[in-house]
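Engineer: So you can see what is in the structure, the chains are spelled out below.
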Amino acid sequence: MKKKILRFGVAILCILGVSFFAMANVQAEVGVTDNKILFGSFQDMSGPGAYLGKQCSAALEVWKKWVNEDLGGIHGRKVDFVIEDMKYDPVLTKTAFTKLVHQHKVFAIITVYGSTPCTAILEDIKREKIPVFTTAATTQNMFDPPNRYLFWYACSDEDNGIMMVDYLVNDLKVKNPKLGVVYQDDEWGKSALKGVKLGAKKYGLKVASSAYKRGSKNLNAQAMKMKAKGVTHCFYAGYAPVYASLLKEANKIGWKPVFFGDYVTVDPRAFMAGKLAHGHYHFFSLGMRHERGPGWIKMEKLFADKLGEDAAKGPLGWRIMPMMWTPLLFLTQALEDCGRDLTREKLISALENIKDFDTGGLGKIQYGPGIRKGTHEYRVLKCDFEKKDFFPVTGWRQPSILYGSKERPAAK
Amino acid sequence: MGFEILVQLTVTGLAWGSVYACIALGFVLIFKSTDIFNFAQPELMMFGAYIAFTLITTLKLPFVLGFFCALILMILIGSLLEMMVVRPMVGEPVLAVIMVTLGLANVLRGLTGLFWGYEELQFPSPFPEEPLMIFGAAINQAEIYTIVATAILLVIFFLFFKYSGAGISMRATAEDTRTAFLMGINVKGVFTASWAIASLVATIAGVFLASFTFLEPIMGHVGLKALPAMILGGMDSVHGAIIGGLIIGVTENLAGFYLEDYLGSGINEITAYVIVLIVMMIRPYGLFGTKEIERV
Amino acid sequence: MAVTRFCVRTYEQDLRIFPSLGARISLIIFGLVLLGLPFLVGKYVVFVACVCGVSVISALGLNILTGYTGLISLGHAAFMGIGAYTAAILSSKAGFPFVAALPLAGVMAAATGAAVGIPTLRLKGLYLVVTTLAFQFIVEHVIYHWESLTLSDRGITLPSPALLGYKLDTYESFYYVILFFAVAAAMFTKNLAMSRTGRAFVAIRDRDIAAEIIGIHLAKYKILAFVISSFIAGLAGALYAYLMGLIGPDHFTFNQSILYIAMIIVGGLGTVFGSVIGAVFMVLLPEVISAVTGPIASAYPAFSPRVGAISVIVYGLVIIGFLLFEPDGLFGIWIKIKRYWKPWPFTY
Numbered sequence: 001m002k003k004k005i006l007r008f009g010v011a012i013l014c015i016l017g018v019s020f021f022a023m024a025n026v027q028a029e030v031g032v033t034d035n036k037i038l039f040g041s042f043q044d045m046s047g048p049g050a051y052l053g054k055q056c057s058a059a060l061e062v063w064k065k066w067v068n069e070d071l072g073g074i075h076g077r078k079v080d081f082v083i084e085d086m087k088y089d090p091v092l093t094k095t096a097f098t099k100l101v102h103q104h105k106v107f108a109i110i111t112v113y114g115s116t117p118c119t120a121i122l123e124d125i126k127r128e129k130i131p132v133f134t135t136a137a138t139t140q141n142m143f144d145p146p147n148r149y150l151f152w153y154a155c156s157d158e159d160n161g162i163m164m165v166d167y168l169v170n171d172l173k174v175k176n177p178k179l180g181v182v183y184q185d186d187e188w189g190k191s192a193l194k195g196v197k198l199g200a201k202k203y204g205l206k207v208a209s210s211a212y213k214r215g216s217k218n219l220n221a222q223a224m225k226m227k228a229k230g231v232t233h234c235f236y237a238g239y240a241p242v243y244a245s246l247l248k249e250a251n252k253i254g255w256k257p258v259f260f261g262d263y264v265t266v267d268p269r270a271f272m273a274g275k276l277a278h279g280h281y282h283f284f285s286l287g288m289r290h291e292r293g294p295g296w297i298k299m300e301k302l303f304a305d306k307l308g309e310d311a312a313k314g315p316l317g318w319r320i321m322p323m324m325w326t327p328l329l330f331l332t333q334a335l336e337d338c339g340r341d342l343t344r345e346k347l348i349s350a351l352e353n354i355k356d357f358d359t360g361g362l363g364k365i366q367y368g369p370g371i372r373k374g375t376h377e378y379r380v381l382k383c384d385f386e387k388k389d390f391f392p393v394t395g396w397r398q399p400s401i402l403y404g405s406k407e408r409p410a411a412k
Numbered sequence: 001m002g003f004e005i006l007v008q009l010t011v012t013g014l015a016w017g018s019v020y021a022c023i024a025l026g027f028v029l030i031f032k033s034t035d036i037f038n039f040a041q042p043e044l045m046m047f048g049a050y051i052a053f054t055l056i057t058t059l060k061l062p063f064v065l066g067f068f069c070a071l072i073l074m075i076l077i078g079s080l081l082e083m084m085v086v087r088p089m090v091g092e093p094v095l096a097v098i099m100v101t102l103g104l105a106n107v108l109r110g111l112t113g114l115f116w117g118y119e120e121l122q123f124p125s126p127f128p129e130e131p132l133m134i135f136g137a138a139i140n141q142a143e144i145y146t147i148v149a150t151a152i153l154l155v156i157f158f159l160f161f162k163y164s165g166a167g168i169s170m171r172a173t174a175e176d177t178r179t180a181f182l183m184g185i186n187v188k189g190v191f192t193a194s195w196a197i198a199s200l201v202a203t204i205a206g207v208f209l210a211s212f213t214f215l216e217p218i219m220g221h222v223g224l225k226a227l228p229a230m231i232l233g234g235m236d237s238v239h240g241a242i243i244g245g246l247i248i249g250v251t252e253n254l255a256g257f258y259l260e261d262y263l264g265s266g267i268n269e270i271t272a273y274v275i276v277l278i279v280m281m282i283r284p285y286g287l288f289g290t291k292e293i294e295r296v
Numbered sequence: 001m002a003v004t005r006f007c008v009r010t011y012e013q014d015l016r017i018f019p020s021l022g023a024r025i026s027l028i029i030f031g032l033v034l035l036g037l038p039f040l041v042g043k044y045v046v047f048v049a050c051v052c053g054v055s056v057i058s059a060l061g062l063n064i065l066t067g068y069t070g071l072i073s074l075g076h077a078a079f080m081g082i083g084a085y086t087a088a089i090l091s092s093k094a095g096f097p098f099v100a101a102l103p104l105a106g107v108m109a110a111a112t113g114a115a116v117g118i119p120t121l122r123l124k125g126l127y128l129v130v131t132t133l134a135f136q137f138i139v140e141h142v143i144y145h146w147e148s149l150t151l152s153d154r155g156i157t158l159p160s161p162a163l164l165g166y167k168l169d170t171y172e173s174f175y176y177v178i179l180f181f182a183v184a185a186a187m188f189t190k191n192l193a194m195s196r197t198g199r200a201f202v203a204i205r206d207r208d209i210a211a212e213i214i215g216i217h218l219a220k221y222k223i224l225a226f227v228i229s230s231f232i233a234g235l236a237g238a239l240y241a242y243l244m245g246l247i248g249p250d251h252f253t254f255n256q257s258i259l260y261i262a263m264i265i266v267g268g269l270g271t272v273f274g275s276v277i278g279a280v281f282m283v284l285l286p287e288v289i290s291a292v293t294g295p296i297a298s299a300y301p302a303f304s305p306r307v308g309a310i311s312v313i314v315y316g317l318v319i320i321g322f323l324l325f326e327p328d329g330l331f332g333i334w335i336k337i338k339r340y341w342k343p344w345p346f347t348y
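Residue numbers (our numbering), protein chains in the order written: chain E, 1 to 412; chain D, 1 to 296; chain Y, 1 to 348.
No lab work stands behind these hints: they were computed from the structure.
Virtual Cβ for every residue (Gly too), placed ideally from N, Cα, C.
All the pointers check out, no bait thrown in.
Chain Y side only, calculated, beta carbon under 8 Å to chain E, not exhaustive:
{"#": "1", "residue": "G42"}
{"#": "2", "residue": "K43"}
{"#": "3", "residue": "Y44"}
{"#": "4", "residue": "F47"}
{"#": "5", "residue": "R154"}
{"#": "6", "residue": "G155"}
{"#": "7", "residue": "T157"}
{"#": "8", "residue": "M244"}
{"#": "9", "residue": "G248"}
{"#": "10", "residue": "D250"}
{"#": "11", "residue": "H251"}
{"#": "12", "residue": "S290"}
{"#": "13", "residue": "V307"}
{"#": "14", "residue": "G308"}
{"#": "15", "residue": "A309"}
BS3-like cross-link-like pairs, simulated, lysine-lysine; straight-line CA separation at most 27 Å:
{"#": "16", "chain 1": "E", "residue 1": "K217", "chain 2": "E", "residue 2": "K178"}
{"#": "17", "chain 1": "E", "residue 1": "K256", "chain 2": "E", "residue 2": "K382"}
{"#": "18", "chain 1": "E", "residue 1": "K175", "chain 2": "E", "residue 2": "K229"}
{"#": "19", "chain 1": "Y", "residue 1": "K93", "chain 2": "E", "residue 2": "K194"}
{"#": "20", "chain 1": "Y", "residue 1": "K43", "chain 2": "E", "residue 2": "K346"}
{"#": "21", "chain 1": "Y", "residue 1": "K43", "chain 2": "E", "residue 2": "K126"}
{"#": "22", "chain 1": "E", "residue 1": "K412", "chain 2": "Y", "residue 2": "K93"}
{"#": "23", "chain 1": "Y", "residue 1": "K220", "chain 2": "D", "residue 2": "K291"}
{"#": "24", "chain 1": "E", "residue 1": "K412", "chain 2": "Y", "residue 2": "K167"}
{"#": "25", "chain 1": "D", "residue 1": "K60", "chain 2": "E", "residue 2": "K387"}
{"#": "26", "chain 1": "Y", "residue 1": "K190", "chain 2": "Y", "residue 2": "K220"}
{"#": "27", "chain 1": "E", "residue 1": "K213", "chain 2": "E", "residue 2": "K229"}
{"#": "28", "chain 1": "E", "residue 1": "K306", "chain 2": "E", "residue 2": "K64"}
{"#": "29", "chain 1": "E", "residue 1": "K129", "chain 2": "Y", "residue 2": "K167"}
{"#": "30", "chain 1": "Y", "residue 1": "K43", "chain 2": "E", "residue 2": "K36"}
{"#": "31", "chain 1": "E", "residue 1": "K206", "chain 2": "E", "residue 2": "K256"}
{"#": "32", "chain 1": "D", "residue 1": "K60", "chain 2": "E", "residue 2": "K388"}
{"#": "33", "chain 1": "E", "residue 1": "K129", "chain 2": "Y", "residue 2": "K43"}
{"#": "34", "chain 1": "E", "residue 1": "K313", "chain 2": "D", "residue 2": "K60"}
{"#": "35", "chain 1": "Y", "residue 1": "K124", "chain 2": "D", "residue 2": "K291"}
{"#": "36", "chain 1": "E", "residue 1": "K126", "chain 2": "Y", "residue 2": "K93"}
{"#": "37", "chain 1": "D", "residue 1": "K60", "chain 2": "E", "residue 2": "K275"}
{"#": "38", "chain 1": "E", "residue 1": "K202", "chain 2": "E", "residue 2": "K173"}
{"#": "39", "chain 1": "Y", "residue 1": "K167", "chain 2": "E", "residue 2": "K126"}
Isolated chain E, as found in the complex (with noise of 0.2 Å):
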């Protein structure tokens, strides 16, 4: 009699338990009331990725602070943003966008990134209707074919692709390049290769390519392959310490070519290769701290100011910085342009809406309807060692073939 007693106690105790747990989370808004906005993101805080997490996190801190203390608020909300660890894996952003949505029940998702994350969650985008501002993803998916509600602020490895080629052609006026592409291999290195190929294509060149596994550290095989094939002008497409790997090793086996970086390899941890970086190519879409812009100028400020000059040395010696920053000044104009009367529709249509944005020297940002790759124009820069940094040699410019023309059709 007592055991059974004793058992219908805990069962209804597990009953209480989990209507407790169900009514802890009842909230009515979808994000905006009376007096605040509540932004949600996903970052990798301890994942592969997590020097991403912590730089994006203190970003999101100096802007909601900016927002509050600084403007006020935005049409008399202040914003808050909630932020849910993903670390770099698919199946836990998945986890973390249903609970942004449904539980945290955020208007809308912001500073995100990561290619497989993302890719994850595309249709559950589209499905929930809500704004994603913006993703950092490398590939091409994110904006091809547009996704109304996902907009993408990144360096685009196939524009970067085709450049390396139009460059040498027509800047460097190199005769006989042999083009090479070292990849990690998945749908960003790949990028990077149809970029390549496609320029080769119309110049009338070929190019060799090597791929390795992402996390592989042995780029033996692959830096001898290039050199077999005696590769002069290589692109390579993934992260800054194995690029500075991957110089380390070409000196090793006597394979001297000139690499074409992408936007990652923009990044302190090259120089870990120390002078053998010196003189190569990068491709970048963001302006450079050492020019003192305008848009640095009161970056360096703000973040000095609300971070306290310690932590803010981490963030602002980020190369990539901009690609945060700049799309969360985006947002606040959109958001103001929006009104006091703030719906999740009206903020797409104002984001498609703001033309020739200011950043102050930051980079270009802007979209469209139906539109939603925000980078469109890059400038190769050269890789200095003695000053530690890198240094544009060309002035903004797009590649010489577009995203949705002829033979760049975008997806269906």
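Given the structure of chain E, go ahead and fit chains D and Y onto it with the hints provided.
Structural biologist: Below, chains D and Y alone, put in the same frame as chain E:
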């Protein structure tokens, strides 16, 4: 030209193979003495490398001194871990012990991320950057030292297990703990010693690996390759682990170069596991492993 | 007298799946809670419950192989992946309906299970472990590189499952499908354990040479274990694919295999209850950790990267702690609780 390429690939493959061999050696040491498969071995390697890094850069110790201090520290840490976490699990089902070591691996990785952050760090390699030329193949000095060190370790451990009293008692403990205990062997000491030595070897592997690549908390991933090395060599064979590691290192590098065009990229990653499958079909106990005789 | 009635079990009771009245009552209440769950809680909790359900099914499959038959496998995620991709390819490219794709996914995985089981008959213990690990990595490689079939990184999107014309495109509606399969899998496993085949499995686990001597056909039962286990894993994988809507190669990696092993060990090896509770526990553990660390990270944002590392540490410590104190897992703890209460109110 073709021959030069082959030599180059082989030499680099040997260097990487030595890293796998060292890690596999750590696995085998613990397995040989305690019958436990220590999934935390790659993380011990990573932790050892990070500790060496801190001693050398933050405390500004000269490389050799820092390296030795790191070895000593890791021996202590390894022994501590064994006494706190693994000893209580003696006698428990194999899977439970494996799980504990997996939990330990997580803890070590988290601690590394906590104290050193997740960014990749440059390891202060003492080896000069200029490559040496051997038989027409270029090799980094860091790689040479790794191969040499691994060879020395091979000899040391081979002799240790075959001839020294401590080595024999370790083998005895692995074969039958209870009998060893009855024979007066300090079984607890053997367990702790095996973890201590495995941590030592792991640190050596970690420092070398960090020297010719860089430091990052997911360094342990390389450790997964040591498993095929162990299988190939035979799970309880010290020299098997090392030879297995070298074979895997060379084969995968060769496969990566020659087979990429036919079998797609990433072939060098999968070679090790294909080798495992082949070996398991032909010689289930590996090249040098002892066949387990089960008594019913 | 009333108390001791529950201590004594008759032979008939032992044969039944739910031996005591108490067990049956609590199960009915639990069942009612499960049925009513979508009406009690929010969408996110239902989603988590769905993930739990799929994990439970998969853990049960692994338990049959590893817990009952003693064949340790690190390739479980690969089997799930095969099931998931089969369902995905059949439903998106060939237009197979849900009711057809699901069993075919299981069959495909089972066929692969047999293919793995046959060569590994000679292998034992850690050699088997590493061979299954090799299998896991090779499957990962194939999924990744057979682009024409699997679309590699881009992943395959599945059409919403439909049952008898009724579209199941919300988490709430799919929850019931998963619940059905989870219950079915649990009942199946429990029955299996008590059947002749199940006893053969356990005999193989305990002493396979002895089992062979008393007439258990080792090869047949080992392969059967692989086939059953991978069929269930394939089924779970397919359900998972429909739940996620889009699958990619990253969903079925070595880390997932480890996670499933963790589930059955932490839950309690070789018991149905253990697999269920282990699966639920391992799915909820990160949730609980983030529920605690999330507010801390928001309150002290400078601290947030550290918080990420701390959750990894806590995760490892929980696993270690559990196994140090109770190597029989959660099931062992449950048994201890039951035994403690059994003679209540007497002390012993």
